[in-house]
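Enquirer: Chain residues, written in single-letter form:
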Amino acid sequence: MTRRTARTTAGDGTGGPAGGGEGPLTERVAEAVADSSEPVTDTDRADLAELLPLIRRHAAQQGLVLDEERQLAVAVHALAFVRRVRHGERLDPLADELYAEVPGALLTAARQLVDAYCTPRGHTAPDSEVLLLALHFAVARHTGSGARPGDTETTRGAQA
Amino acid sequence: MSEATAVKIVIGHRLGKGQSVADGVRAAGAEPVLIPGPGADMKVGDVMQAEGAALGISFCGSGGAGAVTAKAKYGHDIEFGMRSAQAGVTAVQQGRTVLGFGFLDSEELGYAVATALLAKLGTGGSGDGAGSARTGESA
Numbered sequence: 001m002t003r004r005t006a007r008t009t010a011g012d013g014t015g016g017p018a019g020g021g022e023g024p025l026t027e028r029v030a031e032a033v034a035d036s037s038e039p040v041t042d043t044d045r046a047d048l049a050e051l052l053p054l055i056r057r058h059a060a061q062q063g064l065v066l067d068e069e070r071q072l073a074v075a076v077h078a079l080a081f082v083r084r085v086r087h088g089e090r091l092d093p094l095a096d097e098l099y100a101e102v103p104g105a106l107l108t109a110a111r112q113l114v115d116a117y118c119t120p121r122g123h124t125a126p127d128s129e130v131l132l133l134a135l136h137f138a139v140a141r142h143t144g145s146g147a148r149p150g151d152t153e154t155t156r157g158a159q160a
Numbered sequence: 001m002s003e004a005t006a007v008k009i010v011i012g013h014r015l016g017k018g019q020s021v022a023d024g025v026r027a028a029g030a031e032p033v034l035i036p037g038p039g040a041d042m043k044v045g046d047v048m049q050a051e052g053a054a055l056g057i058s059f060c061g062s063g064g065a066g067a068v069t070a071k072a073k074y075g076h077d078i079e080f081g082m083r084s085a086q087a088g089v090t091a092v093q094q095g096r097t098v099l100g101f102g103f104l105d106s107e108e109l110g111y112a113v114a115t116a117l118l119a120k121l122g123t124g125g126s127g128d129g130a131g132s133a134r135t136g137e138s139a
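Residue numbers (the UniProt record's numbering), protein chains in the order written: chain A, 1 to 160; chain B, 1 to 139.
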């Protein structure tokens, strides 16, 4: 039985565009999926409280400051990811050519991020998990929703 | 002209795919609007708004980012993290207007979801060729 309304302070610190300032990101995700068939549970909140700071640190290391929309998107991805890890679920492999669409450095960094979360849990995430997370950062960089600090204008080539 | 009353379904795929889903939507008698380019899943809500679409289908690895973004920006009723065509059909029957899937670029999914939507709207499907193939460049 899932719990729709139980709330705890996630303390993820990823609320604002620069990593702080607005309400906890976890609660934004919880609100967004509250009416779905799988609303956020306290277990999800506990797991996100560990993963989201890792993601924020990862983004900072990549020189990305994620806008609100991208933060929410990454956090929703994180929610699905922590559930898969918890349930030992493994994504199907993705086509090899997809990996070529993401810079190698992003993939390497995403692998480190994924392992930082999974290894203490005795879980080894498949490469597909790494690619999907890396894609979030690649798209953010590509569309300008993940501006690098100091950028005056970012590439928006794929943005409609 | 049937085009004036075509039921539009917007499709956005994280990797810029989704053609098979669009084919299935068209086969069911709805009009697919396929958003081109990478990161298209994040534009589903925007293109639905621009096109006056009845349904949006978002595909990404976890099946949620585009749907949640559409809800946050436009208040859509969503279901996310789905992995099967049947889950999408159920979501449509429940009145969801944006569906979030993992990577499932299949004609079967597009056909099933579009058929369910048309049934729910009471418009029925006219089969192959009812919708014109377009891309959502206008968003």
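Any given hint could turn out to be false.
[Unchecked claim] Simulated pairs of lysine to aspartate or glutamate, EDC-like, Cα-Cα distance not exceeding 20 Å:
no. : chain 1 : residue 1 : chain 2 : residue 2
1   : B       : Lys-73    : A       : Glu-68
2   : B       : Lys-17    : A       : Asp-92
3   : B       : Lys-73    : A       : Asp-35
4   : B       : Lys-120   : B       : Glu-108
5   : B       : Lys-73    : A       : Glu-97
6   : B       : Lys-17    : B       : Glu-107
7   : B       : Lys-73    : B       : Glu-51
8   : B       : Lys-8     : B       : Asp-77
9   : B       : Lys-8     : B       : Glu-51
10  : B       : Lys-8     : B       : Glu-107
11  : B       : Lys-17    : A       : Asp-67
12  : B       : Lys-73    : A       : Glu-69
13  : B       : Lys-73    : A       : Glu-27
14  : B       : Lys-17    : A       : Glu-50
15  : B       : Lys-17    : A       : Glu-101
16  : B       : Lys-17    : B       : Asp-46
17  : B       : Lys-73    : B       : Glu-108
18  : B       : Lys-8     : B       : Asp-23
19  : B       : Lys-73    : A       : Glu-31
20  : B       : Lys-17    : B       : Glu-108
21  : B       : Lys-120   : B       : Asp-77
22  : B       : Lys-8     : B       : Glu-108
23  : B       : Lys-8     : B       : Asp-46
24  : B       : Lys-17    : B       : Asp-77
[Said to hold, decoys possible] Computed footprint of chain A on chain B; a stretch qualifies when at least three of its residues, placed anywhere within it, have a C-beta under 8 Å from a C-beta of chain A:
no. : segment
25  : 8–14
26  : 33–43
FYI, nobody ran anything at the bench for these hints, they're computed from the structure. Where is the CB? At the ideal position from N, CA and C, for every residue including glycine.
Enquirer: Each hint: holds or not?
Expert: Do the hints match the structure? See the list:
no.	hint	verdict
1	Lys-73(B) to Glu-68(A)	holds (11 Å)
2	Lys-17(B) to Asp-92(A)	holds (17 Å)
3	Lys-73(B) to Asp-35(A)	holds (16 Å)
4	Lys-120(B) to Glu-108(B)	holds (18 Å)
5	Lys-73(B) to Glu-97(A)	violated (32 Å)
6	Lys-17(B) to Glu-107(B)	holds (12 Å)
7	Lys-73(B) to Glu-51(B)	holds (16 Å)
8	Lys-8(B) to Asp-77(B)	holds (17 Å)
9	Lys-8(B) to Glu-51(B)	holds (8 Å)
10	Lys-8(B) to Glu-107(B)	holds (16 Å)
11	Lys-17(B) to Asp-67(A)	violated (25 Å)
12	Lys-73(B) to Glu-69(A)	holds (9 Å)
13	Lys-73(B) to Glu-27(A)	holds (16 Å)
14	Lys-17(B) to Glu-50(A)	violated (33 Å)
15	Lys-17(B) to Glu-101(A)	holds (14 Å)
16	Lys-17(B) to Asp-46(B)	holds (18 Å)
17	Lys-73(B) to Glu-108(B)	violated (29 Å)
18	Lys-8(B) to Asp-23(B)	holds (13 Å)
19	Lys-73(B) to Glu-31(A)	holds (13 Å)
20	Lys-17(B) to Glu-108(B)	holds (15 Å)
21	Lys-120(B) to Asp-77(B)	holds (15 Å)
22	Lys-8(B) to Glu-108(B)	holds (17 Å)
23	Lys-8(B) to Asp-46(B)	holds (14 Å)
24	Lys-17(B) to Asp-77(B)	violated (24 Å)
25	8–14	violated (count 1)
26	33–43	holds (count 6)
Violated hints, listed in ascending order, are 5, 11, 14, 17, 24 and 25; each of the other numbered hints is respected by the structure.
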